[in-house]
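Asks: Sequence lines, in order, name chains A and B. Just so we're aligned, residue 29 is where the first sequence starts under my numbering, counting upward by one. Just so we're aligned, residue 1450 is where the second sequence starts under my numbering, counting upward by one.
What the hints contain is simulated information worked out from the structure, not anything from laboratory work. Quick caveat, the model's predicted, so the values are computed rather than measured.
Just a few of them, taken from the derived set where beta-carbon distance is under 10 Å, the chain B residues facing chain A: (1) Q1670; (2) P1673; (3) T1716; (4) A2027; (5) L2038.
Cβ pair distances, simulated, as ranges: (6) V2081(B) - S79(A): 23 to 33 Å; (7) D1477(B) - D209(A): 32 to 42 Å; (8) L1532(B) - V130(A): 51 to 61 Å; (9) V130(A) - D1867(B): 56 to 66 Å; (10) I1521(B) - E89(A): 52 to 62 Å; (11) G1715(B) - E89(A): 17 to 27 Å; (12) I1539(B) - D209(A): 55 to 65 Å; (13) H110(A) - I1521(B): 43 to 53 Å.
Note that the Cβ used here is the ideal one computed from N, Cα and C, for glycine as well.
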Amino acid sequence: MNQRPVADLSGLPTFGHGPRSPTWWGTLGFMALEGTGFALAAGAYLYLAMSWPNWRLSAPEPNHWPGTIVTLLLIASLVPNHILNRYAERCAIVPVRIGMVVMSLFGLAPLVVRWFEFPALNIYWDTNAYGSMLWVLLGLHTTHLITDVGDTIVLTVLMFTRHGYSGRRFGDVGDNVFYWDFVVLTWIPIYLLIYWVPRLG
Amino acid sequence: MSSADLTSERDLPQRETATEGDVAPEHDGPRDTGMDDASLHRWLARAWRTPPGIIGALSSVDHKVIARRYLITAFIFLCLGGLNAVAMRIQLSGPQRGLIGPDLYNQLFTMHGVTMMFLFAVPIVQATGIYLVPLMVGTRNIAFPRLNAFGYWVYLSGGVFAWVSFLLNMAPDVGWFAYVPLSGPEFSPGKRADVWAQMITYTEVSSLAVAVATIVTVFKQRAPGMSLDKIPLYVWALLVTSFVVVFAMPAVMITSTFLILDRLVGTHIFNPAEGGDALLFQHLFWFFGHPEVYIIFLPATGMVSSIIPAFARRPAFGHLGLVLSLIAVGFLSFGLWVHHMFATGLPKLGASFFTASSMLIAIPNGLQIFCWLATLWDGRPVIRTPLLFVFGFFFIFVIGGLTGVMLASVPLDLQVHDTYFVVAHFHYVLIGGSVFPLLGAAYFWFPKITGRMMSERLGRWHFWLAFIGFNVAFFPMHLVGLWGMPRRVYTYPAELGWGNINLLISAGAVLFFLSFVLFTFNLLHGVLKGVPAGDNPWDAGTLEWATSSPPPSYNFTRIPIVTNVEPLWAERDALPVATGLRVDVRELLISTVAEAHPDIREKSATPSIWPLLAAIAVGGTFLYSIFTPWAVVWGAVPIAVTLVGWFWPKGDPEDEE
Ligand code: HEM
Ligand SMILES: [Cu+2]
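Okay, chain B solo, but in the shape it has when bound (with noise of 0.2 Å):
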């Protein structure tokens, strides 16, 4: 296979050969200025299709076709994850149930969160990202399209090295954050530690790359006239996570570089019997575990921001305090971690001040949640199904924002640490703050992604019975938290009464995974049958709704011009354009960073294999040094040869402007 297959049906128009000079050569083709609509669109879909065949699918560069594989990626691990987690309960839901043993659990429990967190939650907003931020900024692609591909590559074979690891009996054991001693050397022999380490490093690589795509595609290719005050809420929330990642993951690819070197060459970093600490480990650990939770905290209070504008029928109220609680909250993340390791004895004023970080960050979320109920209240809202899981969402998250608060203060904390009060905890944190809003979201995007709607009806059976199954299923955690119950055991003797509280635990968990169940039914139903949803079926502002549902592969006939925060409502007869850009080859317009002049016409990459192809390298680098450390040796030979073929010009008219 080679490039000029991908190519050959294209018109490619003849090339100027290059002359000696001090000026590099123009090239130059048709343009779309004063083209009619259906030569505009035929002369775009082909410069920017995705190649027929199992190759031109493996080679697509589009950043929808690469979310929605994330989305449905994603959503798999979910699934998976939740199957952990129902496989927990039934196992925990009597005193002395024989269905699971130590050791399983041990493993359930840290393929549950690692999934999670790592292949669930991260992606998931990333992937959503990825699909919306192009389109709401009114570019045809996602900057460095290849990358971006390459990331899901990573991500996908990072998840399948965990869960084929999981059949093989050789799943991680030791917890999601795999704390040293625990996970070092001398108390984890055998590769379950090194999977947890590993999996690491491939989720992370994903994160970061899809973060500094997203960074520049924010930054240099918003359509003329976006600037900062107009950038939609949404894209605003993408943006900081995204610096959130860039300053986050580095140290959780370190604490996991780190433990596999402890483990497989013998260096004595987290080993203090040596001068090593294992502390440190934590500290590293949890400078990545804080942001993480507004990692994927941010993005969805960005989709909350996009949906109650649009059910509300008006703009946000107070969208400059908005911003600025987001850039806030994406500050003072980094300023939290230690209040993970109260229980380690610190110094009594290091924790104070930890302490008061930690309630400081209720007052950007609070101005956020008080910015929404006013918008709400200002508006003439319409409750549709994307509302009912904004409201779970207000409901849910309050509850894990309070007793946040009070884990916050290190007396309580230290009774409770490690008991069911904490699971309580993060899962109202977890669940409120990502998972609702993000159901919410799939209902509001789904129509734009597939052109129909989901049903109405049953999204509203939907969310009851999540809401329900959700507090069934953690608000009893609380209790028996409180009455001493500890998190991670496999299970408890019967005279400590916790038998019929469990049960319960046990039944809401079902009624919720069943909530899923559902939910997997509207989108089948609706993806199949769903009523035809138009261009903007719910007459929203951003300019994702401008063009069709699903959009074109390259999303807008015309870059749009932005006089408004929402653009479609404050031009209802007609969205103005720029023209002038090249039609035969993929041309996207890049701008200047503040206020979004248009300022180059910059060619995007083609479809390519070779990010598959880096990524399989890659892949099998991370695997092949679980087991030696000259993995790394001889794995630099595919990957510098897969790199080379990724970047080496294949001599489309893209490669050479």
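This is chain A alone, in the form it adopts within the complex (with noise of 0.2 Å):
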């Protein structure tokens, strides 16, 4: 077909951070499927305890504080990854290396405590189905939280080598920023779910 140029792309930039860029975009699917999914256990968890009138079906309460360590670390850690954000969308190198040193740090510690809020929560998965959904439920959040550690040290690393300073890696950064908030986020219900909902029976 004949093509007659009507438009010039050649001053557009060639990244651009949260919204404008495609991973951002990527990441926010990723977030409203794991986040889907988070709801459903949540929602199944709840169907059970609504089902059965004596639910926690007599098992001792869970000792909720390796729990509410984790949650004051998630809480706290919001506030150096927002810094970190900010000096991604500088592209200012060395705030960022630092910053994501301190996120990875920021990353291990709740996954320390969490070694210890298993056996805090009192029961095991194959005692009853309270067991199986409180198991479930850490279980899948642990499983967030160790995938975006991971994926946090490697970009750290990425960060300290020659294939750190480009635009593109900063943006990695703003999303990584981004998905950690997330992490945080799904936390909280189910934290209130596991340790503060039984108490209320």
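Fit chain to chain and form the complex, with the hints in mind.
Replies: This is the structure we're talking about:
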């Protein structure tokens, strides 16, 4: 087909942050589907809780402290996370490197505490359905956490190589920040569901 | 094999060394501005080609190459699922035939169901989208091309896994929806139900990956000027479908994961004896399962909306109405799942709500049909094979819809639940609503994909054989269902008098199967001997017809600019295009979500073997996990390694900007 040029794209930039970049939308898509998974797992928990009048099925209360410490750590991590984001938008390599190291540590810390969280549930997954659901919910979020921490660490290493200093990488850092927010956000309802909802009943 | 091999034959521009500073470095290379067509083709072909050799082929990230593989694979699964069906129909063609015993029969109908739903119907509509959506929105590749390639490999391994299990007499035998307690640890010892659970996981991972890639392609890669009101209806249909996938498929992954946990590590989620609940399985499954029907059906409506305007010779009547119905159907599809559970004794009020919503969805569907008829009425229809299949779709789907409305009323459903009436109903909906439009689409887009036409004469024979065969096979099922024949039985006694009608059904099934043999012949004949098609054999209006047939690896020499829903009809003399993109690397245009204003010159990923390796790691983990839960721990290592390999930059200019 014949063509007639009517527009010139040569002046456009080669990368953009946030909703301008396709990766941001891809990340949002994955959040949507993972969020749906979490919501359905939580829904399954509530469905079972409402089907059984004696829910918690005479299991002991979980010890909430490890979970509470994880919660506090996650909330605290949001501060450096957003400082990191600002540097990434400005493409400032040195502060971004420092920020990535900090965020890797902030990712590992809750994972360490998480190790103690499973026994603190005070029930096994195969004791009864209540125990199964607690382990499933905590397991889901732990998988989530491990994947994102792994991703953060790899990206941190990458930022220290010669590939780090490029617009695309700064965009990746921004998306990593965005995803971490989501990891923190999904934890809050799960935390409430595991440790506080059973206490209501 | 290193990535240097993949790029060695390219003229890589000298990379500027990055200097420290607060602005990321800019690289540059030759642009297409003012370049003559021959050199432009040479540059772009070099930047976008799939590398030669086996490793090159396995590394391909070209959406057309991946889509072609997807289409062929899904078609093979259709044939395999069809063979299952023929085997069942031979067994049922007379009373008390001894060809197939109950155990094999259970595997046959389960394999038929899962193959058709998870390995054929969903993948083939997504594959069609992978091929067409980037072309229709005027871009050079799908978003996240490596994710897309990964999706294909995971799908392939899931399908092979299921069918190898079948050959090993290990195929699932619990029906395509594998209800507990039948599929639970107590009543299904052995590995068969685990195979069901994990093949679901494979195929859903791949559908989800493709859905995300499709959504982002439509949101961010549309040609300049293609604002929301100028997006082709087919693309809208795939967009809505992809959203339905994103919100529905996690439900079935949760279901299959819970099931495998119950079976493998002793959780009690579905076990009422320990505080679990068996109906929870049904809720979770159908929260996915009903939208699944629309995941299959919505893209088919998109195909119909492309075919009708091309042959009616006018733009679709009520474009906005069609878009709004698509969106409405997408939303409503999530409010219907309980109508699959009327026979479980739900509270009356709940059941009435779901009856009402099941009837409500007929409104947007009816509106779509009205708009199509109006388009044909007002146009000057040219009757060719694709349009014949659309007529077949109207006829069959309307019958399926009518029986659907009947089934939505609880008293009737309770009578015919689990009989052949239901089998007839869902084949009218699935085959009428999806297979007929797909066959029409095959005739319609075959010239674009291969550059050649399929035979029109064989096409007409094919249509009539399929239409008659289908109705002979499935219409009598309504009757035999009303007479009380249950589904999923491997035989029936002669005294019931169902012999003759079943023989007729089986004859119809064989005819219908033969129509696919004819179709295959027509496909092969077209590929080898078809008349050359040219760019736009139907004189259609959307962008995929603006490029050559088959399209070059880079799709368009220059990014088109869109001024109308049917851009090629609006710009008959010369297509307005944009210039200024680099030609030495894979560069494409990112635009804004609503208005499609040009925004960024983005690099598209280069070929890579890593998606295949990652899929092998993921597939191996799923396979291993039906034997031990530790698979998840050990499998994490190769998965992590392959993902790092995938994302680690190799120094291509595409990685750096
Ligand atoms: C050659 C064409 C086909 C024939 C002759 C055929 C025949 C059958 C028969 C006889 C059954 C019932 C088995 C029983 O309950 O004992 C069945 C079940 C089923 N079919 Fe088909 N079918 C065909 C194509 C398709 C297609 C294209 C789809 C989907 C897109 C499909 C989806 C299903 C499903 C989901 C079931 C239910 C399986 C179960 O009960 O678990 N079929 N088919
Ligand atoms: Cu339904």
